[in-house]
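> Sequence:
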Amino acid sequence: MPLISVVVPCYNEAESLPVFVQACKDVFGDMQNRFGTNFELVLVDDGSNDETVERFKEAERELSEHAVKWVSFSRNFGKESALLAGLEHAHGDYVATMDADMQDPPSLLPEMYERMLETGCDNVATRRATRAGEPPVRSFFSRCFYKLINGISSTEFVSGERDYRLMNRKMVNAVISLGESNRFSKGIFSWVGFKTEWISYDNVERAAGETKWSFFGLTRYALDGITAFSTAPLQIASFSSLLLFLLFLVFIVIIVVRRLVFGDPVAGWASTACIILFVGAIQLACLGIIGQYLAKTYLEAKSRPSYIVKESNLD
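Its first residue numbered 1, the sequence shown is counted upward by one per residue in my numbering.
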């Protein structure tokens with residue numbers, strides 16, 4: 001009987017977990033009857049400061065007929081680390097990744113599994129067809145991000161894509177094999193290749209609580225994605241430096257000709273100040289771009305683990 005592992009990274013999801021676990025229980029039972037599948041639920045606590053771990057223990061009792069694994073980090077390492085930990089501890093023939101807030105409806109899982117069986121694909125991924133209920137500003141910047149990163153990266157990113165997907169074991173092993181500690185899963189899922197089928201669904205509100213993603217957090221996450229899957233910013237910095245050098249040569253010629261033809265009149269300070277400020281701003285921007293890549297290289301060079309487990313039920 002095929003085993004499906006459901007990996008769920010959690011951060012302060014104590015309110016949502018009871019609803020999520022009940023939904024999983026219903027779906028697991030339905031799929032057992034229809035497809036003859038077994039399930040294991042892999043819950044990862046990303047250093048929560050609420051009762052998330054207590055909800056994990058309740059889930060063990062609620063889903064006693066299924067295997068429930070859980071691990072809890074020593075602190076908040078971020079969703080990417082929690083997702084990696086879940087994939088590493090999942091032993092299923094197929095692995096699904098989803099959030100606990102019910103914005104990734106577990107009820108879609110039968111359709112995803114059926115699509116995989118019908119098409120023979122390696123990965124069934126989901127995307128939001130609409131962003132109804134999301135703040136307009138956030139939706140606008142999200143669309144801008146996908147247009148930007150698809151324009152500067154050779155890796156394909158699908159607008160509205162979620163981390164909610166069902167993968168076969170070959171693809172999961174490929175994702176885990178990438179040893180980078182600064183991970184951007186949306187890019188990794190695309191970069192490893194494999195045949196992918198897409199399922200669209202309307203945006204779903206959270207079951208409880210509030211989103212953990214602030215505007216600053218999303219901006220930082222977007223920068224992580226750009227620096228992880230594109231060197232275009234470095235190329236822009238290089239081209240900007242070359243352009244400034246050419247402009248510098250042109251201005252030298254203009255200054256020399258002006259000196260020979262018109263003598264040495266007193267030049268205005270405004271144009272000089274503008275040129276200095278413009279060149280300085282370009283230089284600082286280029287240094288900032290280089291600094292982002294150097295910071296990523298520095299973090300990778302230290303080879304620290306992506307997460308540290310404080311407690312689990314796997315001992």
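Be aware that a few hints might be false.
[Stated by the list, open to error] In silico BS3-like cross-links for lysine-lysine, where the CA-CA straight-line distance does not exceed 27 Å:
1. Lys310 to Lys69
2. Lys69 to Lys170
3. Lys57 to Lys25
4. Lys57 to Lys69
Read the hints as simulated data drawn from the structure, not as lab findings.
> Please go over all the hints and tell whether each is borne out by the structure.
Now the hints, each set against the structure:
{"no.": "1", "hint": "Lys310 to Lys69", "result": "14 Å, holds"}
{"no.": "2", "hint": "Lys69 to Lys170", "result": "22 Å, holds"}
{"no.": "3", "hint": "Lys57 to Lys25", "result": "15 Å, holds"}
{"no.": "4", "hint": "Lys57 to Lys69", "result": "10 Å, holds"}
Going through the hint list in order, the structure satisfies each hint without exception.
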